[in-house]
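Protein sequences, first through last, are from chains P and X. Position one of the first sequence corresponds to residue 1 (my numbering), numbered consecutively onward. Position one of the second sequence corresponds to residue 418 (my numbering), numbered consecutively onward.
Everything labelled a hint here was simulated from the structure, so no lab data went into it. Ideal Cβ positions, reconstructed from N, Cα and C, are used throughout, including at glycine. The reader is advised that the hints may include incorrect statements.
[Stated by the list, open to error] Sample of chain P residues with no beta-carbon within 10 Å of chain X, all distances over it, derived:
hint, residue
1, Q13
2, A24
3, W68
4, H124
5, E126
6, D145
7, Q153
8, A187
9, A262
10, E266
11, I272
12, G292
13, H390
14, I392
15, D397
[Stated by the list, open to error] Ranges between beta-carbon positions, derived for each pair:
hint, chain 1, residue 1, chain 2, residue 2, range
16, X, S452, P, N216, 23 to 31 Å
17, P, Q307, X, P478, 29 to 37 Å
18, X, P478, P, G404, 32 to 40 Å
[As the list claims (entries may be wrong)] Subject to a maximum C-alpha distance of 27 Å in a straight line, what follows is the list of computed DSS-like cross-link-like pairs (lysine-lysine):
hint, chain 1, residue 1, chain 2, residue 2
19, X, K467, P, K66
20, P, K405, X, K449
21, X, K449, P, K248
22, X, K467, X, K442
23, P, K99, P, K178
24, P, K405, P, K394
25, P, K405, X, K442
26, X, K467, P, K218
27, P, K248, X, K467
28, P, K99, P, K157
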Amino acid sequence: MFQRYSAFSLFQQGLRSHRGWTSAWRTPLPKSTYDVIIIGGGGHGLATAYYLARNHGITNVAVIEKNWLGGGNTGRNTTVVRSNYFYPESVDLYELSVKLYEKLSRDINFNVMFSQRGMIVTAHSEPEMEMAARQVNAMRINGTDAELLDEAQFRKKVPIFNFRPDARFPVHGAILQKRGGTARHDAVAWAYARAADSAGVDIIQNCEVEDFIVENGKCVGVNTKLGEIRAGAVGVAAAGHSSDLLQKVDITLPLNSYTLQAFVSEPLKPVIDTVVYCPLTGAYVSQSDKGGLVIGGGLDRVPSYGQRGNLPMQEAVMSGLIEMVPLLSKVKLLRQWGGTVDVSPDSSPILGPTGMEGLYLNCGWGTGGFKAIPAGGYLFASILATGGHHDISKPFDLGRFITGKLIDEAAGAGIAH
Amino acid sequence: MQIFICPFCGPRDEREFHFEREAGKIRPDTTKLVSDIGWSDYLNEQRNTKGAVREVWSHLPCHELFVMERNSLTMDVIYSTSRRGPVT
Numbered sequence: 001m002f003q004r005y006s007a008f009s010l011f012q013q014g015l016r017s018h019r020g021w022t023s024a025w026r027t028p029l030p031k032s033t034y035d036v037i038i039i040g041g042g043g044h045g046l047a048t049a050y051y052l053a054r055n056h057g058i059t060n061v062a063v064i065e066k067n068w069l070g071g072g073n074t075g076r077n078t079t080v081v082r083s084n085y086f087y088p089e090s091v092d093l094y095e096l097s098v099k100l101y102e103k104l105s106r107d108i109n110f111n112v113m114f115s116q117r118g119m120i121v122t123a124h125s126e127p128e129m130e131m132a133a134r135q136v137n138a139m140r141i142n143g144t145d146a147e148l149l150d151e152a153q154f155r156k157k158v159p160i161f162n163f164r165p166d167a168r169f170p171v172h173g174a175i176l177q178k179r180g181g182t183a184r185h186d187a188v189a190w191a192y193a194r195a196a197d198s199a200g201v202d203i204i205q206n207c208e209v210e211d212f213i214v215e216n217g218k219c220v221g222v223n224t225k226l227g228e229i230r231a232g233a234v235g236v237a238a239a240g241h242s243s244d245l246l247q248k249v250d251i252t253l254p255l256n257s258y259t260l261q262a263f264v265s266e267p268l269k270p271v272i273d274t275v276v277y278c279p280l281t282g283a284y285v286s287q288s289d290k291g292g293l294v295i296g297g298g299l300d301r302v303p304s305y306g307q308r309g310n311l312p313m314q315e316a317v318m319s320g321l322i323e324m325v326p327l328l329s330k331v332k333l334l335r336q337w338g339g340t341v342d343v344s345p346d347s348s349p350i351l352g353p354t355g356m357e358g359l360y361l362n363c364g365w366g367t368g369g370f371k372a373i374p375a376g377g378y379l380f381a382s383i384l385a386t387g388g389h390h391d392i393s394k395p396f397d398l399g400r401f402i403t404g405k406l407i408d409e410a411a412g413a414g415i416a417h
Numbered sequence: 418m419q420i421f422i423c424p425f426c427g428p429r430d431e432r433e434f435h436f437e438r439e440a441g442k443i444r445p446d447t448t449k450l451v452s453d454i455g456w457s458d459y460l461n462e463q464r465n466t467k468g469a470v471r472e473v474w475s476h477l478p479c480h481e482l483f484v485m486e487r488n489s490l491t492m493d494v495i496y497s498t499s500r501r502g503p504v505t
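Whenever a hint applies, use it, and build me the whole structure from the sequences.
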């Protein structure tokens with residue numbers, strides 16, 4: 001049933017009024033046993049299944065999702081992809097992701113609309129410009145691209161920004177990562193789902209995991225709404241719900257779940273062709289191909305699993321946006337939503353073993369999981385296939401919270417994520 | 418805006434409040450040797466419960482520290498207890 005997508009197949013289907021398209025993946029019932037079970041059918045879970053098949057030849061795999069594919073944070077983010085981090089460990093991780101994104105559409109024959117339109121972080125004083133230079137240098141030394149823009153260069157890139165003399169935060173310059181940008185979020189989930197399914201992976205939707213099966217201290221499967229499913233290894237890629245799941249086997253995680261909101265405006269003519277983030281207002285904006293402004297900001301300050309946002313943060317993000325780009329003040333919002341993100345003490349992800357044999361973790365991506373989908377999947381597949389760490393995932397082991405070797409990007413890069 | 422209850426000032430706008438931590442965590446006894454895991458449990462581990470939670474919040478204008486019981490899924494606010502006096 002695997003159909004190769006191409007300009008020719010689109011033309012051919014056009015001649016048949018698009019009646020010949022088949023489903024992109026199957027809807028199988030779960031088997032009783034798999035080599036690997038992945039809990040969570042978002043971007044990370046689906047990418048993990050794909051890379052298990054492609055890189056490790058493990059195709060007897062099930063992805064178990066309690067709702068529908070990509071219906072959690074994968075479908076609720078602001079689609080930004082970047083690797084503008086400070087520490088070498090983080091750049092290695094997110095740079096792997098950007099590199100995989102660069103080839104993804106071609107690799108898995110699905111247009112994820114990855115658009116390297118650039119990621120810009122503004123600086124608003126001379127001391128901030130010095131910190132921006134330090135950030136640019138760190139990024140370059142760590143092996144990714146970065147440029148320091150002065151005010152004139154920034155003005156040329158983002159002419160709609162607030163350059164008025166009475167601006168609350170006058171711009172002095174900015175950091176540009178040219179290879180950063182946006183991708184179509186749903187397409188990333190669908191692309192990995194289709195590629196994994198065609199390799200033989202079972203994607204089982206609407207199947208909530210109720211409990212883990214533990215025998216002699218080893219996790220050997222899960223109990224679900226559709227019955228018992230056993231596996232050699234179980235991987236949890238459940239983002240904001242990781243703590244709630246692992247509490248079933250008495251494992252506590254260093255995570256807090258918060259709501260992160262995002263907003264889309266009514267469609268406009270093109271006004272901005274890059275992603276701009278202003279650390280002082282905490283807001284950022286880009287424009288989708290449909291013309292809607294995609295707007296994001298910081299976390300709601302109330303721990304929550306509610307998947308909806310509160311009003312104070314909406315007000316903070318909107319007033320931040322208007323300060324950044326006053327001419328948008330009359331634009332109307334079309335939609336607003338919230339996702340449950342899992343924030344770790346150092347704002348870096350957690351990858352690796354849980355301490356219980358047979359049970360592995362991919363969580364803690366906080367507000368920046370979407371950009372990391374290919375790398376998260378790539379590394380988690382390696383961890384599940386070998387039972388040990390990949391070189392890039394090793395620093396992100398759960399053990400860092402005991403040794404104290406944190407990767408504190410909130411302090412390092414000064415970027416919300 | 419959601420209304421939270423300060424035990425000292427009464428019902429107030431959520432923007433006046435600050436989440437401090439989960440309630441019921443006991444600082445390790447530093448008169449004895451505390452293991453790395455002991456510190457990590459205290460500093461990093463979170464119950465992060467989905468549903469009924471007990472948390473320490475502060476009301477910024479009056480500096481009251483108190484325990485708030487609420488539901489982290491429905492966002493219902495259930496009860497606030499002052500920390501003046503013994504709290505378990």
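Okay, the hints, checked on the actual structure:
1. Q13: Holds: least Cβ distance 43 Å, greater than 10 Å.
2. A24: The claim holds: P/A24 sits with its nearest Cβ about 32 Å from chain X, beyond 10 Å.
3. W68: holds (20 Å)
4. H124: holds (24 Å)
5. E126: holds (32 Å)
6. D145: holds (34 Å)
7. Q153: holds (38 Å)
8. A187: holds (30 Å)
9. A262: holds (19 Å)
10. E266: holds (26 Å)
11. I272: holds (30 Å)
12. G292: Label holds. Min Cβ-Cβ 27 Å, cutoff 10 Å.
13. H390: holds (23 Å)
14. I392: Holds, since 23 Å exceeds 10 Å.
15. D397: Per Cβ check, P/D397 is outside 10 Å of chain X; nearest 13 Å; holds.
16. X/S452 to P/N216: 23 to 31 Å: holds (26 Å)
17. P/Q307 to X/P478: 29 to 37 Å: The hint (29 to 37 Å, Cβ to Cβ) holds, given that P/Q307 and X/P478 are roughly 30 Å apart.
18. X/P478 to P/G404: 32 to 40 Å: This hint holds: roughly 36 Å between Cβ atoms.
19. X/K467 to P/K66: holds (16 Å)
20. P/K405 to X/K449: holds (24 Å)
21. X/K449 to P/K248: At roughly 32 Å apart (the allowed maximum being 27 Å), P/K248 and X/K449 break the hint.
22. X/K467 to X/K442: Judged against 27 Å, a Cα distance of about 18 Å means the pair holds.
23. P/K99 to P/K178: holds (13 Å)
24. P/K405 to P/K394: holds (12 Å)
25. P/K405 to X/K442: Holds, because 23 Å separates the two Cα atoms, which is no more than 27 Å.
26. X/K467 to P/K218: holds (25 Å)
27. P/K248 to X/K467: holds (12 Å)
28. P/K99 to P/K157: holds (24 Å)
When the structure is compared with the earlier hints, a violation turns up for hint 21 alone.
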